[in-house]
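There are 2 protein chains.
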Amino acid sequence: MRTYVAGIFLFLTSLVVAQSQPQLNLMPMPASVQSGAGQLPINQAFSVAVTGFHDASLDGEVQRFQTQLSRQTGIPFRPKSGAAPSLQIHADHGRQAVQRLGEDESYELTVTDSGAKLTAPTTLGVLRGLQTFLQLVQITPTGFAAPAVTIKDQPRFPWRGTLIDVSRHFIPIDALKRNLDGMAAVKLNVLHWHLSDDQGFRAESKVFPKLTGMGSDGMFYTQGEIRDLIAYAHDRGIRVIPEFDIPGHSRSWFLGYPALSSGAGPYTLEGGGIDPIMDPTREETYKFLEKFIAEMAKLFPDAYFHIGGDEVDGKQWDANAKIQAFIHAHGMKNNQDLQAYFNQRLQKILAKNHKTMVGWDEILHPDLPKTIVVQSWRGQQSLAAAAKQGYSGLLSFGYYIDLMWPAARHYAVDPMADAAASLTPEQQKLILGGESCQWAEWVTPENIDSHIWPRNAVIAERLWSPQDVKDVASMYTRLNAVSLDLEFLGLTHRSARMHMLHRMAGTSDITALRVLADVVEPVKDYNRWSDAKGPIDFHAPLTRMIDAVYPESDVARHFSDLVQTFVQSGYKDQAAEAQIRNWLTIWRDNDVKLQPLLGQTFLLQEDVPLSQSLAALGAAGLQALDYLDKGQPAPDAWKTQQLSLADQAKKPMADVLLMVAAPVQQLVEASAASGHN
Amino acid sequence: MRTYVAGIFLFLTSLVVAQSQPQLNLMPMPASVQSGAGQLPINQAFSVAVTGFHDASLDGEVQRFQTQLSRQTGIPFRPKSGAAPSLQIHADHGRQAVQRLGEDESYELTVTDSGAKLTAPTTLGVLRGLQTFLQLVQITPTGFAAPAVTIKDQPRFPWRGTLIDVSRHFIPIDALKRNLDGMAAVKLNVLHWHLSDDQGFRAESKVFPKLTGMGSDGMFYTQGEIRDLIAYAHDRGIRVIPEFDIPGHSRSWFLGYPALSSGAGPYTLEGGGIDPIMDPTREETYKFLEKFIAEMAKLFPDAYFHIGGDEVDGKQWDANAKIQAFIHAHGMKNNQDLQAYFNQRLQKILAKNHKTMVGWDEILHPDLPKTIVVQSWRGQQSLAAAAKQGYSGLLSFGYYIDLMWPAARHYAVDPMADAAASLTPEQQKLILGGESCQWAEWVTPENIDSHIWPRNAVIAERLWSPQDVKDVASMYTRLNAVSLDLEFLGLTHRSARMHMLHRMAGTSDITALRVLADVVEPVKDYNRWSDAKGPIDFHAPLTRMIDAVYPESDVARHFSDLVQTFVQSGYKDQAAEAQIRNWLTIWRDNDVKLQPLLGQTFLLQEDVPLSQSLAALGAAGLQALDYLDKGQPAPDAWKTQQLSLADQAKKPMADVLLMVAAPVQQLVEASAASGHN
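Chains A and B supply the protein sequences, listed in that same order. Residue numbering for the first sequence follows our numbering, starting at 17 and increasing by one per position. Residue numbering for the second sequence follows our numbering, starting at 17 and increasing by one per position.
Read the hints as simulated data drawn from the structure, not as lab findings. Keep in mind that this is a model prediction, so the values were computed, not measured. Mixed in with the good hints, there may be bad ones.
Said to hold, decoys possible - Listed below are the simulated EDC-like cross-link pairs for lysine to aspartate or glutamate, each with C-alpha atoms no more than 20 Å apart in a straight line:
no.	chain 1	residue 1	chain 2	residue 2
1	B	96	A	233
2	A	609	B	593
3	A	314	A	383
What the hints assert, rightly or not - Covered stretches of chain B (chain A as the covering partner; in silico rule of three or more C-beta atoms under 8 Å from a C-beta of chain A):
no.	segment
4	43 to 52
5	150 to 159
6	186 to 197
7	393 to 407
8	518 to 530
9	546 to 558
Using N, Cα and C, we set each Cβ at its ideal position, and we do this for glycine too.
Excised from the complex, chain A in its bound form:
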């Protein structure tokens, strides 16, 4: 039986290998790629020429492209005047002054050994093609070069976004800008700016200054900064859609304007829970929103405007006799009807300001016009139901990057899968795309990049590339390459971890600490919330191991792959075994080196049992390999003891998970099975 199973696995493995042959490190993978012969050298003579349409925005992009290529390669370009351009760019037309949903992003890129040509109907397509060119450039034995290739590319979905919550933790403009650079690099085209929530109101209103004056901790964006960020995003082909979350998630509004709320107050930003809700029964509420939305509609030029609408728990409505009376007087059945009434009023205000309403699942109601867009945190079923009623939708279910899932899990989520797969072609067109969501309960400007990147790139690929681009091994290979490119772009998703580990250690030699950090991941889903016990203190330092480590451990994934390879070889793959032994030895011996440091600093004391567990896993794995090598089953007592140890190691410690516990457990179990030699 074992041989047979191993045979199947081997077959699968070789399939994966075949698909992940040396390839172009492109992410998102273009719609069509045809490899050619030879390569275009990238050296000091590299030059760019623009023909056809161009404007200041395109010129700026070409300048940034050259700067970035220079950073990646370290080459200061000195093109010779008069020489034929290395890269010829041609756009037929310019872009819309305000980028539109569905604006043409297509391009064609041809690279030969003598030159490259990038053509696009609009300069927006040129932006996308330049990012592809940057990803093509690789170091080779003879120099930097772009391989000969013909690419025809356009996105699968027109709406490919990332939500960044700046309410729970304020994220300064410079951090947002570098994340916009990252988004542009992987062809995302919407920044969904979650500007208000219970914990803070972050956009300056000149009409209602107390929104930020009392509804924030003093950290907010001025209108000048907002305009600047929108221009920065536009230059990179990214729309900016503001979200002001109402009628729930709106406690921060009520500090300055308590009359808007359905409860008595007083309110503070620090409290937990999501009970405070706007009062949709008072005309004054709509007068306020009329003025506020008129102001914001001018500030944010995009045609879409997000009003949140999620998680209205209704407790304040239930407890307010006047509101309950209003519900009965208007023949409404429940709080949902009241929210629908609120949304209809809101929709009319937005329409007057030439904005299309976007909101979360909960806003879906037959009384709202079909023009609205529903963003689903609930799943494809919710999207499909909306589409069947004629509503457009966006998928965010499965794309919550704050939940610390591995890239592969996000990658597997497709907007057209499950319930959406059975929609008619017309209905499918209503699914506009999706958005990853970076909720900010547990991030600071220091570590936000590593929470978003590189994993965000695989969601970008899901939304841009053809549906059948889904090979996981290829994805991880390309993700690694993208991750490096992003650091050259100025993102800090890798370097910040080093800073944070140094801070925790208080010393420059963090070799042993890195060994530990390399194999742990933060707890998943909302488990950190559960462990927090009570309301989260959004001003507490985020400087623990869980805050420093990557959401996904490359080392653990690699180790797990090695163990699978070894098991599938019937324990005969000596190269894999040697590598496994090497890792296990490092882990077994690491605790002795690390313990003196762990005791010295308060930020590492909670990691003492973690380090001990890793050492124990190393020892257990090595013993298991010894049993396997001898071909004799390990004794039951030993097995029981080691499995219990591994079970223990799989539980969260200090809110992180030892990701190598499971594969070590697998080795222990294998060693205790009957002899196989």
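Starting from the known structure of chain A, fit chain B onto it as the hints suggest.
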């Protein structure tokens, strides 16, 4: 004999250990430090209050101090209103609008377990004291804290500078700013801005726009940027002194204004050599300089103005009949007299603009007034000679950080040593301090930080701290701590190496490449120049191993120390031997892992023999240890072979040095000596 020698070494070692007991990680070490009991916790409640004099500049500094403390600790401060301040700051007076040489920088800082107090005669002293406080803060088992201490501090020398050459490679404003931050952190107070040289003129002149228009590659600072940088430096207590190097090193002037030159031209920026010189015999030259200096004197507010004056090779003067006739007509003996004449004219122009002249050794001439300052690249003897004639001086000999010396070598150079030691107290006062020099033949904005830092901090200590602060082990311990702090300040001296190694490798896993990079250093002194064969191409990429690695290898120094410890123990220190074995094993086994990568990228191909040599050294060292363990002398033939291998490994390969070759050679030699057990 051996036993006796080992005994002495052991004695010395324990002395060093005694001096380097756990200590405050301060650099530069203050003039007086008295440790107290307990520590001041640094937590979210940390607050600062300013009494006495304050102005916008001090307020800004206090703000930056809090931001930096927050970055170091990861704590977002939320002081409670009404609570006693954690740190009380009091300055009696403000600072000069234009910082003066010798302005009071003294301060006193007292930390107890209940609070800290920083007092200073002027706000300039507060700046210095705040940097000391930042360095005091460390992570402890109970939290971040500043240990109780009483510090009374003032600088040994009033002029403590760093020269940054921006002519050979342009260094953008943002890179200069982060280096100013670094300078302020170690209490340096002069940025000597080397703004023109043969290869580029970098400061905008509105009167003579062709200076940058034709005399640069388009990269220069506008006057607005210059004013901005000066203000930035002033806020940090740093004077900015411009250098326009004349009459030599001035080729870049002649592209736009060829009539200034003593030769026929035409000139290009690319040529090698230092022959082109200004013509000091034409009155038009002085008319030009009158206008130019008047413009620059307004732009640069400091009282001092650097006119270079070095390395006037005189060939163009010799070859110009008119100039030779002028020399004879004015009764001059030689070119030196002509340069002195030029400098006298220049000095008068400077005096009219209320500037004091600074220049290199060569300007020293009895016809110049005693007010001028001589900066010596030649040594203390030159300084002493000047002082005996009544001239002020600055030492830069021994502080050329572009020469890639280890920190300890710079640290050992004292302005008052050698010839200067025998000066009278009055003459010694004329020695104002010194400047490190970052000449820019081989740096880019990407790697300049690692060329300057952290080594620059030890020169800062030499110029600030009492002369008897010179323990090398203590210096290296504290340097490590400062180096980490500097990364939190935004300097890239550590992170840039990672970027550059990633670029060279073209892949994310650079473990084996780092093992190699960790033990090599760039060739020293001017050896890279000699190897360059012909004029340097200042626009060539600087992306090789030599460009990426640190000027000084911590690993190699640590390994060498281990070998000394082991040898001095009579080969009995088993802990040291185990560590030595560990390193040797890593190196022996590294080449197998690294070779596949080295072949894949053109930037690593030159490192193939380097990696092979390291492996051979690892193997040789391990064999030597085996012989030593057995207590039998290694065979002569083996010894000869290994010593020849080590000799080979000590020679530069790819312009870098394998710094572990010498200690391995020592092991080989020891193993071949007679048995010792």
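For each hint, the structure was consulted:
1. 96(B) - 233(A): Holds. Residue 96(B) to residue 233(A) sits at ~14 Å (cutoff 20 Å).
2. 609(A) - 593(B): Between residue 609(A) and residue 593(B) the Cα gap is close to 16 Å, so the pair holds against 20 Å.
3. 314(A) - 383(A): Status violated; Cα separation ~27 Å.
4. 43 to 52: violated (count 0)
5. 150 to 159: holds (count 6)
6. 186 to 197: violated (count 0)
7. 393 to 407: violated (count 0)
8. 518 to 530: Holds: 7 residues of the segment 518 to 530 of chain B have a Cβ under 8 Å from chain A.
9. 546 to 558: holds (count 4)
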